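Each chain is listed here by its residues.
4 protein chains.
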Amino acid sequence: MIIKDSIHGNLELSEFEGKVVDSPDFQRLRRIKQLGVTYLVYPGAMHTRFEHSLGTMHVASRICDRIGVEGEEKEKVRLYALLHDIGHAAFSHESEKALSRYFGDHEEVGKKMMAEEELGGLLLEKYSKSEIGKLGSGIEKVIVGGDVGADRMDYLLRDAYHIGVSYGMVDVDRILHTLLLEEGELVVGEGGLEAAESLLVGRFLMFSTVYLHKTVRIGSAMLNRGILRSIEDGMDAEEFLSTDELVLEKMLGTENGGKYAKALLGRNLYKQAYSVEGALVDAEKAEEELSSGCGCEIIVDLPPVLSRPLDIKVKAGGELKGLMEISDLVRSLFLAEEKRKKTLVLCARENREEVKQAAENYSR
Amino acid sequence: MIIKDSIHGNLELSEFEGKVVDSPDFQRLRRIKQLGVTYLVYPGAMHTRFEHSLGTMHVASRICDRIGVEGEEKEKVRLYALLHDIGHAAFSHESEKALSRYFGDHEEVGKKMMAEEELGGLLLEKYSKSEIGKLGSGIEKVIVGGDVGADRMDYLLRDAYHIGVSYGMVDVDRILHTLLLEEGELVVGEGGLEAAESLLVGRFLMFSTVYLHKTVRIGSAMLNRGILRSIEDGMDAEEFLSTDELVLEKMLGTENGGKYAKALLGRNLYKQAYSVEGALVDAEKAEEELSSGCGCEIIVDLPPVLSRPLDIKVKAGGELKGLMEISDLVRSLFLAEEKRKKTLVLCARENREEVKQAAENYSR
Amino acid sequence: MIIKDSIHGNLELSEFEGKVVDSPDFQRLRRIKQLGVTYLVYPGAMHTRFEHSLGTMHVASRICDRIGVEGEEKEKVRLYALLHDIGHAAFSHESEKALSRYFGDHEEVGKKMMAEEELGGLLLEKYSKSEIGKLGSGIEKVIVGGDVGADRMDYLLRDAYHIGVSYGMVDVDRILHTLLLEEGELVVGEGGLEAAESLLVGRFLMFSTVYLHKTVRIGSAMLNRGILRSIEDGMDAEEFLSTDELVLEKMLGTENGGKYAKALLGRNLYKQAYSVEGALVDAEKAEEELSSGCGCEIIVDLPPVLSRPLDIKVKAGGELKGLMEISDLVRSLFLAEEKRKKTLVLCARENREEVKQAAENYSR
Amino acid sequence: MIIKDSIHGNLELSEFEGKVVDSPDFQRLRRIKQLGVTYLVYPGAMHTRFEHSLGTMHVASRICDRIGVEGEEKEKVRLYALLHDIGHAAFSHESEKALSRYFGDHEEVGKKMMAEEELGGLLLEKYSKSEIGKLGSGIEKVIVGGDVGADRMDYLLRDAYHIGVSYGMVDVDRILHTLLLEEGELVVGEGGLEAAESLLVGRFLMFSTVYLHKTVRIGSAMLNRGILRSIEDGMDAEEFLSTDELVLEKMLGTENGGKYAKALLGRNLYKQAYSVEGALVDAEKAEEELSSGCGCEIIVDLPPVLSRPLDIKVKAGGELKGLMEISDLVRSLFLAEEKRKKTLVLCARENREEVKQAAENYSR
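Protein chains in written order, with the working numbering: chain A, 1 to 364; chain B, 1 to 364; chain C, 1 to 364; chain D, 1 to 364.
Calculated from the structure, these hints are not laboratory results.
Predicted, not measured: the structure shown is a model, and the values here were computed from it.
Warning: the hint list may mix true and false statements.
No distinction is drawn between identical chains; accordingly, a pair holds when it is met within one copy or between any pair of copies.
Stated by the list, open to error - Straight-line Cα separation of at most 27 Å, DSS-like style, residue types lysine-lysine; simulated pairs:
| no. | residue 1 | residue 2 |
| --- | --- | --- |
| 1 | K134 | K285 |
| 2 | K342 | K315 |
| 3 | K321 | K214 |
| 4 | K339 | K321 |
| 5 | K356 | K321 |
| 6 | K250 | K262 |
| 7 | K141 | K285 |
| 8 | K19 | K271 |
| 9 | K315 | K271 |
| 10 | K315 | K341 |
| 11 | K339 | K315 |
| 12 | K285 | K315 |
| 13 | K262 | K19 |
| 14 | K342 | K321 |
Using the sequences and the accompanying hints, generate a full structural model.
Right under this line is the structure:
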């Protein structure tokens with residue numbers, strides 16, 4: 001089975017991998033966008049977890065070839081790469097927080113899917129229950145999810161391609177050439193300092209221009225709010241395990257969630273009335289007080305925590321060192337990133353002025 | 001208003017254009033894929049009519065600059081480019097045939113939308129009823145829909161980019177440089193023969209590898225059938241004017257249309273049992289006879305007629321000539337394309353052998 | 001040793017390959033342009049045989065991996081790929097015809113270099129005399145020089161990249177995936193028909209827009225003439241085995257070759273006064289008669305014969321068939337190409353009118 | 001006149017611009033590499049000042065359109081862009097230092113060429129002496145040579161393309177969209193902070209991986225030394241105003257410069273024996289003492305000063321501010337860059353150990 005990927009070209013799959021891809025659980029990923037509602041700002045961001053999962057498998061496979069993981073071990077790495085996002089609900093990260101109180105984060109949901117039903121049954125054709133249970137806890141975790149792992153390299157490339165920017169265009173080839181497996185971890189070898197730095201620069205630029213883009217955050221915040229309200233209105237949390245569009249459609253029918261879905265479908269978004277650097281302590285309280293003070297709905301949106309500092313290890317002079325430790329560039333990238341993380345105060349366009357003043361008073 | 005397009009870079013919109021783009025009718029295009037179910041074969045084909053409409057506006061604008069169309073006339077060309085696909089229903093071309101008996105093709109639906117409701121009201125802010133009614137009948141038709149027009153150039157580029165092939169990567173720049181407006185038509189100027197030929201070569205390769213791909217055709221045929229059955233089951237044809245995913249979801253609930261929707265969602269596709277060159281005469285009769293003979297459902301799928309020979313005019317030695325007439329390459333491309341158009345006999349995997357034999361007998 | 005290539009990314013070389021690359025004979029290729037004087041029309045065409053040789057090695061290596069050639073055999077394929085153009089003189093093909101009467105074509109010169117001096121000595125470190133003598137006569141000839149071989153795939157990609165056109169952007173990945181070794185030849189496997197066709201379409205478009213470009217041909221013809229005259233003036237043919245620029249410089253000093261060198265350096269080129277389809281029989285006689293008739297220098301330039309029809313074999317239905325035989329597209333490409341091959345009558349700008357008339361009379 | 005550029009596509013030139021391009025002085029730029037001996041490390045770096053000059057004209061033209069410079073003023077900007085590097089000698093920057101004591105830097109030489117001979121005469125067809133003399137002192141200087149000017153944007157893009165890295169792939173479109181002309185300077189407008197930052201990040205990564213690459217520096221240092229020695233040996237400094245290859249060839253014939261030319265042609269480079277952060281004070285003295293101590297030639301190579309901090313102004317909140325001042329990212333990029341600037345102690349491979357020890361002792 002050969003699949004033509006827009007980033008990596010022709011991807012070859014074994015017969016068993018082909019079956020996994022053709023299972024309904026995996027096909028579902030075709031209808032879950034990689035970047036949630038980012039398309040509200042960058043119309044090209046229509047790519048899905050389906051493509052990304054295949055691409056991650058491909059990059060993971062190349063890492064295996066590089067560091068000498070082969071045979072059954074390599075097959076397991078590829079399988080885990082393919083399935084690492086299988087547990088994502090509609091709109092991926094945007095729904096994760098709202099839903100995690102109901103059935104755990106996407107990794108836990110994924111575990112469950114692999115143990116049950118169709119996908120679970122399929123995996124049992126080749127692996128024992130215990131092997132399936134352990135999938136994602138060995139070398140495959142490092143290769144797929146590590147700080148210089150396949151997941152990250154694929155999504156930076158793919159997101160940049162679909163958005164149409166060149167910043168994320170990480171030189172995967174060059175990074176792969178320097179990778180080593182040391183003490184059970186992927187590390188960047190001698191002479192790979194610049195390669196590792198450029199990965200982080202690409203990531204930083206993607207964060208500033210895409211992942212932390214103000215309008216993207218507003219869309220995400222409204223979606224989040226809509227999901228919460230819909231569940232409060234009685235919508236079954238399990239429904240969110242279906243797909244992006246259907247979830248929006250179902251939200252439309254709920255009493256308090258509907259207005260968010262409608263706003264997103266018609267791109268009728270809240271505006272930023274105020275912002276403050278960093279993550280506001282006691283945001284919930286602020287939101288309540290501001291809302292009741294102004295008599296309109298207000299969202300106090302905390303900056304995403306996705307972007308924790310990467311803990312990449314680099315081998316230099318025979319020793320493993322943290323990239324943060326030896327690269328002043330990398331240190332400053334993270335400082336710059338931190339400064340760009342703001343708490344936003346959002347409201348409907350017509351309340352903007354009033355909310356702005358209230359927020360200014362509140363913050364004093 | 002500036003929108004970042006993955007193909008053409010930053011696109012600038014006037015305030016009025018921005019309002020059109022933000023209207024619910026236009027936002028709907030975000031949920032209508034440019035290439036229908038092509039994603040079943042090429043997972044990257046997730047791009048939509050939304051992006052394509054913006055891109056067409058951009059290319060149309062460049063054509064205007066080239067041939068000296070400016071001011072209000074250029075504004076109209078841009079507006080028409082933006083709206084040329086506004087009437088498409090879910091899955092664009094796949095549903096068009098099935099739906100055209102209910103409310104006309106996408107151009108007629110588009111006309112209606114521009115005359116009514118929200119979009120219509122918006123257009124009245126700037127244009128009179130009669131101007132709106134005539135939109136698409138002047139120079140804008142030639143610039144957008146012509147054989148070397150903006151629509152075609154944008155979709156070839158865009159489809160190729162998302163599928164990840166280079167064949168469609170038409171050299172728009174080079175073609176633009178040779179365009180002239182002569183006798184009310186866009187023609188390719190002196191010295192542009194190769195540019196025009198390369199456009200057609202790109203188009204030919206996209207047809208063979210994408211638009212006429214066997215599995216793409218199978219998916220499209222099943223979708224088509226499902227739409228017809230769903231309407232027979234009582235689903236309102238107007239429903240198809242919503243968006244791709246919702247239509248599939250609604251089809252799921254119909255008695256006879258449901259199985260097609262399910263098959264498409266789970267990528268459980270029919271197989272080709274037999275094929276014959278060209279368009280079979282009396283395909284409907286063949287389908288009925290084969291179905292009743294084999295006791296299973298059979299689809300006899302006629303080759304798409306989309307690809308009519310382009311009637312590009314080239315200026316050579318002071319005269320306008322048909323490209324077909326002066327280029328043996330172009331003539332042979334169309335002959336080759338015609339030979340690749342086959343009638344397919346499709347059925348479920350388990351009936352494949354039986355249907356194959358019946359079709360062989362039938363065709364004798 | 002790792003070399004960063006602009007087309008294929010990081011290329012890894014063995015220690016021995018690194019020594020070959022660092023030898024003066026190989027370094028000389030840095031100063032021999034891949035496309036001769038094509039830069040007179042496409043300024044980006046500054047790339048050299050050096051880069052192309054490395055790229056050919058890379059593609060050849062991938063073909064080996066695909067068809068199962070490994071170990072020492074693969075090493076030989078890589079070495080031959082690296083050295084397949086080592087015998088090219090200044091300006092590659094433009095000088096080949098003029099020089100071949102003195103010391104054979106570039107393959108013979110290459111053989112000699114591998115047998116002698118520095119490069120010969122280096123090869124003896126690893127191979128016996130007889131092995132070196134046979135290099136290029138086994139499987140390596142097929143993989144590197146075959147009609148779907150590494151040489152052709154690299155130069156189409158590379159030339160297109162530097163010229164800035166997308167037509168030559170052959171989908172190497174896709175072609176590689178279909179290659180088989182059958183009866184000692186590289187053939188395109190089942191399902192690879194479109195891949196092979198697209199290779200030929202890319203090649204055709206490169207021929208029409210680059211390799212057969214009128215001004216490129218004029219530059220090449222003048223260079224050719226200059227080389228011949230310089231040798232007649234006593235310049236040693238061996239001098240042409242140095243590098244592009246130096247050869248032009250030395251030609252400047254010869255009595256009758258100098259004016260051509262000067263014209264090329266200052267881009268002061270002849271013009272086309274007349275053309276006739278196909279290769280004129282007895283071109284030399286025509287040139288003489290026209291020149292003496294008009295009293296000025298005239299070049300009658302025959303179309304290049306480089307582009308013989310490729311004899312690609314495709315496996316279809318278990319049988320090997322010629323691509324020409326089964327693809328009407330490919331047949332028509334070659335017919336179209338043949339029609340574009342013209343004999344050009346060239347002269348200085350000021351004699352254009354007079355020569356045109358003389359040529360018209362002559363051709364009657 | 002239309003020229004196909006590999007980066008920007010088709011470039012249109014006026015008749016007068018075409019004449020300038022076809023003049024011998026401008027054609028000379030075809031034989032002066034943009035990146036000197038960088039090809040010793042990145043074989044794709046064969047592009048020339050010729051292509052870069054055309055590309056700079058194109059970007060300058062787009063800046064004019066953006067900020068509203070038109071008519072004759074725009075023509076002058078384009079002309080200056082075309083000619084801004086006309087005074088470069090062989091190997092551009094590598095020879096500039098050595099030659100500047102003889103006839104000034106490349107701007108002074110350029111001025112002279114525009115006042116004299118063929119190029120000067122040509123310019124007089126359209127401009128007065130005084131206009132020519134002032135070329136480069138008005139708005140054209142800002143647009144072409146400014147910190148966010150056309151020169152810089154073109155070379156970052158072009159160098160990255162030919163080297164095959166994506167880091168330099170600056171989003172020119174996005175930067176252009178934010179440019180303003182304020183107080184006679186090009187500044188980045190509101191909302192353009194990220195665009196400006198990404199320009200500097202691209203530049204930083206090009207510096208670390210290309211312009212400051214150790215082996216590139218070694219090649220440049222040897223070339224520099226060779227040029228100096230050749231002039232001391234009596235070679236006429238004016239000779240260096242011819243072209244790269246010819247200069248190397250002529251150097252070959254000088255007594256003390258020849259060995260450097262030979263080393264560069266055969267890629268037989270010095271090695272780094274020692275390095276120290278920053279620019280060593282009194283490098284000349286160190287070089288002398290180390291050389292006489294070790295009894296072999298040693299080069300103490302100071303880090304290039306090319307990369308002075310860019311003084312980009314950004315408009316934020318109605319005020320012009322220095323980018324350095326408001327962006328911690330930019331500040332840290334320059335700190336990081338400074339730390340990467342090292343003084344290198346270079347010598348032949350066989351003396352490496354001895355020189356290393358001597359340098360270690362010396363630096364204590």
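How the hints compare with the structure:
1. K134 to K285: neither (41 Å within a copy, 56 Å between copies)
2. K342 to K315: Cα proximity of K342 and K315: across copies only (21 Å, versus 35 Å in one copy).
3. K321 to K214: This pair counts as between: shortest inter-copy Cα distance 23 Å, intra-copy 35 Å.
4. K339 to K321: both (26 Å within a copy, 18 Å between copies)
5. K356 to K321: between (46 Å within a copy, 26 Å between copies)
6. K250 to K262: The answer is both: 11 Å in one copy and 19 Å across copies each meet 27 Å.
7. K141 to K285: Answer is neither; intra-copy 38 Å and inter-copy 56 Å both fail.
8. K19 to K271: between (46 Å within a copy, 17 Å between copies)
9. K315 to K271: So K315 and K271 pass the 27 Å test across copies only (23 Å; inside, 47 Å).
10. K315 to K341: This pair counts as between: shortest inter-copy Cα distance 21 Å, intra-copy 31 Å.
11. K339 to K315: between (29 Å within a copy, 19 Å between copies)
12. K285 to K315: Intra 47 Å, inter 36 Å, cutoff 27 Å: neither.
13. K262 to K19: between (37 Å within a copy, 17 Å between copies)
14. K342 to K321: between (31 Å within a copy, 22 Å between copies)
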